[in-house]
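Now for the letters of each chain:
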Amino acid sequence: MNNFALGKYVPYDTWVHRLDARVKIIAVIMLMVAVFFPLSTWSMTLLVQGTLLVLISVILACTKTPLHSILTSLRSLWVMVLFLLLIYILVPKAENTLGIAWSVNGWTVYWDSFAEAARIVVRLVMMIMLAMALTSSTKPLDLTYALQWYFTPLKVIRFPAEEFAMTISIALRFIPTLLEDALRVMRAQSSRGVDFAHGRLSKRIVGLTSLIVPLFVSSFIRSEELANAMECRCYDPRGKRTRYRKLRFHWGDLVAFLFAGAVMAGVIVLSALHVDLFALMGIVAL
Amino acid sequence: MPIKFENVSYVYSKGTPMEKQALSCVDLEILEGEFLALVGRTGCGKSTLVQHLNALLNPTQGTVYIDSFVNSADKKKRDKKTHPLRKNVGLVFQFPEYQLFEETVVKDVAFGPKNFGDDKETALAKAREALLRVGLDESFFERSPFELSGGEKRRVAIAGVLAMNPKYLVVDEPTAGLDPAGAKEMMDLFRNVHQSGTTVILVTHDMDLVLAYCSDVIVLDHGKVVKTCKPVDLFGDDVTQYSLQQPMLFDFAKSLGEKGYSFDAATLRDVSSLAKQIAQGRKK
Ligand SMILES: Nc1ncnc2c1ncn2[C@@H]1O[C@H](COP(=O)(O)OP(=O)(O)OP(=O)(O)O)[C@@H](O)[C@H]1O
Ligand SMILES: [Mg+2]
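Just so you know, the protein sequences line up as chains A and B, in that order.
1 is the number of the first residue of the first sequence in this note's numbering; add one for each residue after it.
1001 is the number of the first residue of the second sequence in this note's numbering; add one for each residue after it.
Calculated from the structure, these hints are not laboratory results.
It is possible that some hints are incorrect.
Stated by the list, open to error - Subject to a maximum C-alpha distance of 30 Å in a straight line, what follows is the list of computed BS3-like cross-link-like pairs (lysine-lysine):
1) B/Lys-1075 - B/Lys-1224
2) B/Lys-1167 - B/Lys-1075
3) A/Lys-64 - B/Lys-1075
4) A/Lys-203 - B/Lys-1224
5) B/Lys-1107 - B/Lys-1014
6) B/Lys-1020 - A/Lys-8
7) B/Lys-1230 - B/Lys-1167
8) A/Lys-203 - B/Lys-1077
9) B/Lys-1120 - B/Lys-1004
10) B/Lys-1081 - A/Lys-203
11) B/Lys-1224 - B/Lys-1077
12) B/Lys-1014 - A/Lys-64
13) B/Lys-1075 - A/Lys-203
14) A/Lys-203 - B/Lys-1087
15) B/Lys-1080 - A/Lys-203
16) B/Lys-1004 - B/Lys-1227
17) A/Lys-64 - A/Lys-240
18) B/Lys-1020 - B/Lys-1224
19) B/Lys-1167 - B/Lys-1077
20) B/Lys-1014 - A/Lys-8
21) A/Lys-8 - B/Lys-1075
22) B/Lys-1120 - B/Lys-1167
23) B/Lys-1227 - A/Lys-203
24) B/Lys-1004 - B/Lys-1076
25) A/Lys-203 - B/Lys-1076
26) B/Lys-1120 - B/Lys-1087
27) A/Lys-246 - A/Lys-64
28) A/Lys-139 - B/Lys-1014
29) B/Lys-1167 - A/Lys-203
30) A/Lys-139 - A/Lys-240
31) B/Lys-1087 - B/Lys-1167
32) B/Lys-1081 - B/Lys-1230
33) B/Lys-1014 - B/Lys-1081
34) B/Lys-1080 - B/Lys-1020
35) B/Lys-1081 - B/Lys-1004
36) B/Lys-1020 - A/Lys-139
37) B/Lys-1087 - B/Lys-1077
38) B/Lys-1020 - A/Lys-64
Predicted model only: the values in this text are computed from it and were never measured.
Sequences and hints are given; from them, build the entire structure.
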């Protein structure tokens, strides 16, 4: 139950933690773009994605997130991975650059299918790692402030940036609380003999109801209490709000921003110009 | 050897900056038939300790034996089948009213017995009996648990555990937030349960209750067992060091003692036993 690796802030004090949340968001987006840009040949894909994978692993390691927690989050994905692999193998592909894996009665499978599936999985892993690096090193509240900052220009078209940020920050604020509630109810029901992990499906569904109903009840109670407390403190959604902690931009932030930008630009250039470094160096590759 | 803790330590969020040692090197034994009080200041690890009795938590170090069940830090030695254990050890959590979920009170109480293999009729019969035991009559049976008052909800939740007929009943601060009469009824219920042969382990902050109801007491402080004794022996000492308070009765007896009365502290339990001693002293 404790493998909520994604989305859990861990209060270390690393340089990633100290970066400005706004920069972290934009940097993550830029790195994701870099991850998802297609490249012309397989050897280039291998090179670029490999480099990115190393880079992202280093960043994640810098946040002190244990790397094995990625495996935990992947464990829930392996069904999807299998499914992907199956689709790629079953659906015939026209391109053949890597050779034929097997050919049975006209059913031809190229190695490309496997490479394609592998590429998708690797991309997914990198995406998860990036999201993990962001959420484990940034306080949820800082994230919302950063989002609010990005949405502020939209006020021109009457987008309620502040209400939006308040909603998100309340939601984020209550994730750990609800999680705690869930754990508490789960413990209580386990001591009444519910087995959430094993047993017949019908039993498990009853078990799940015994968890969900109390959770709903307590979250309704909480939301009512919260609304009352906000009323009592004269919360006005349209009021102008000041903030205790301000986001600040430092030199390190600029460096991080430029670095992520450079990585993205580099990959885009390689992709758009169909650059093949191997061919340039005179190596004949795949 | 019904329940035994051997060198048990427990650490929350091990290996993160939030690491918190909640129990350290706890050694204790609980015998069958005891009415044991577990006391100590807020955050000293009482709730953590009782969750080991149910294998909801596994020790970070050391071993807990509950009858034949082994709950050990060592995964290989640990018993895997928790179902029989949880039938034997009924655990009522702090603020158990948040665990109700069924449409009717009686169904909710029958949930536990049903999980432990009773058929519907037997489970409902046990539920009705348990509800009557906690002082909720027939008029409550078919009501929704969500429209009850806080104290009534708590009774339903406690009935939900009693209906499982556990050999050990563990209750975590059952009287918190109840009115004095309700608290007394609740404690009389536990005495009743204890007299019918159940070992009761009570976590509480109320020393008057400890003195009046419990046969033994264990004091925890900063995750360590600092005292195991009879309630009267505990209050003979200075208990403020553990952030505990003398029961009112002891304070009273003490100031009477300073005025020249002599008391036999060993038989002091509640108001009537004190009154008896005063009356006897007068007759002499
Ligand atoms: N889920 C958790 N994660 C991290 N630390 C925890 C967790 N639960 C409890 N703790 C910490 O462990 C220590 C012991 O907690 P525990 O709940 O056992 O105390 P307690 O004696 O029951 O207190 P109380 O009298 O307030 O109920 C406390 O310092 C608490 O902050
Ligand atoms: Mg507690």
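Evaluation of the provided hints:
Using a Cα cut-off of 30 Å, the hinted pair B/Lys-1075 and B/Lys-1224 holds, with the two alpha carbons roughly 24 Å apart. This hinted pair checks out: B/Lys-1167 and B/Lys-1075 have alpha carbons roughly 26 Å apart, not beyond 30 Å. A threshold of 30 Å between alpha carbons decides the hint, and for A/Lys-64 with B/Lys-1075 the separation of about 27 Å falls inside it, so the pair holds. At most 30 Å may separate the alpha-carbon atoms for a hinted pair to count; A/Lys-203 and B/Lys-1224 exceed this at roughly 39 Å.
In summary, the hint linking B/Lys-1107 to B/Lys-1014 is not supported, as the alpha carbons are separated by about 39 Å, beyond the 30 Å threshold. Restraint check: the Cα-Cα separation between B/Lys-1020 and A/Lys-8 comes to about 18 Å, which is no more than 30 Å; the hinted pair holds. Restraint check for B/Lys-1230 and B/Lys-1167: satisfied, since their Cα atoms lie roughly 22 Å apart, inside the 30 Å limit. Only pairs whose Cα atoms come within 30 Å are accepted, and A/Lys-203 paired with B/Lys-1077 is accepted, the gap being roughly 29 Å.
With a C-alpha separation of about 35 Å, the suggested pair B/Lys-1120 and B/Lys-1004 falls outside the 30 Å cut-off, and the hint is violated. Between the alpha carbons of B/Lys-1081 and A/Lys-203 the distance comes to roughly 17 Å, so the proposed pair stays at or under 30 Å and holds. Among the hinted pairs, B/Lys-1224 with B/Lys-1077 is consistent with the structure: their alpha-carbon atoms are about 24 Å apart, no more than 30 Å. Between B/Lys-1014 and A/Lys-64, the direct Cα distance comes to roughly 14 Å. Compliance with the 30 Å bound is thereby established for this hinted pair.
A threshold of 30 Å between alpha carbons decides the hint, and for B/Lys-1075 with A/Lys-203 the separation of about 27 Å falls inside it, so the pair holds. Of the pairs offered as hints, the one joining A/Lys-203 and B/Lys-1087 holds, with about 17 Å between alpha carbons and a cut-off of 30 Å not exceeded. Between B/Lys-1080 and A/Lys-203 the alpha-carbon distance is near 20 Å, which keeps this suggested pair within the 30 Å criterion. Under the criterion of a C-alpha separation no larger than 30 Å, the hint pairing B/Lys-1004 with B/Lys-1227 is consistent with the structure, at around 16 Å.
Under the criterion of a C-alpha separation no larger than 30 Å, the hint pairing A/Lys-64 with A/Lys-240 is inconsistent with the structure, at around 38 Å. For the given pair, B/Lys-1020 sits about 14 Å from B/Lys-1224 by alpha-carbon distance, which is consistent with the 30 Å threshold. As the CA atoms of B/Lys-1167 and B/Lys-1077 are separated by approximately 24 Å, the hinted pair is consistent with the 30 Å bound. Between the alpha carbons of B/Lys-1014 and A/Lys-8 the distance comes to roughly 15 Å, so the proposed pair stays at or under 30 Å and holds.
Taken as a hint, the A/Lys-8 and B/Lys-1075 pair is honoured in the structure, with Cα atoms around 27 Å apart against an allowance of 30 Å. This hinted pair checks out: B/Lys-1120 and B/Lys-1167 have alpha carbons roughly 22 Å apart, not beyond 30 Å. Under the criterion of a C-alpha separation no larger than 30 Å, the hint pairing B/Lys-1227 with A/Lys-203 is inconsistent with the structure, at around 44 Å. Distance restraint check for B/Lys-1004 and B/Lys-1076: the Cα-Cα separation of roughly 19 Å lies within the 30 Å cut-off, and the hinted pair is therefore satisfied.
At most 30 Å may separate the alpha-carbon atoms for a hinted pair to count; A/Lys-203 and B/Lys-1076 meet this at roughly 28 Å. Proximity of B/Lys-1120 to B/Lys-1087 is assessed by CA-CA distance (about 17 Å); at most 30 Å being required, the pair is judged to hold. For a cut-off of 30 Å, the pair hint linking A/Lys-246 to A/Lys-64 stands: about 25 Å separates their Cα positions. With a C-alpha separation of about 21 Å, the suggested pairing of A/Lys-139 with B/Lys-1014 holds against the 30 Å cut-off.
With a C-alpha separation of about 25 Å, the suggested pairing of B/Lys-1167 with A/Lys-203 holds against the 30 Å cut-off. A distance of roughly 23 Å separates the Cα atoms of A/Lys-139 and A/Lys-240; the hinted pair therefore holds under the 30 Å criterion. A C-alpha spacing of about 8 Å is found between B/Lys-1087 and B/Lys-1167, which places the hinted pair at or below 30 Å, so the restraint holds. A hinted pair counts as satisfied when its Cα atoms are at most 30 Å apart, and B/Lys-1081 with B/Lys-1230 does not qualify at roughly 35 Å.
This hinted pair checks out: B/Lys-1014 and B/Lys-1081 have alpha carbons roughly 25 Å apart, not beyond 30 Å. Of the pairs offered as hints, the one joining B/Lys-1080 and B/Lys-1020 holds, with about 26 Å between alpha carbons and a cut-off of 30 Å not exceeded. With a C-alpha separation of about 19 Å, the suggested pairing of B/Lys-1081 with B/Lys-1004 holds against the 30 Å cut-off. Among the hinted pairs, B/Lys-1020 with A/Lys-139 is consistent with the structure: their alpha-carbon atoms are about 21 Å apart, no more than 30 Å.
The hinted pair formed by B/Lys-1087 and B/Lys-1077 meets the criterion: a straight-line CA distance of about 21 Å does not exceed 30 Å. Only pairs whose Cα atoms come within 30 Å are accepted, and B/Lys-1020 paired with A/Lys-64 is accepted, the gap being roughly 19 Å.
Of the numbered hints listed earlier, those contradicted by the structure are 4, 5, 9, 17, 23 and 32.
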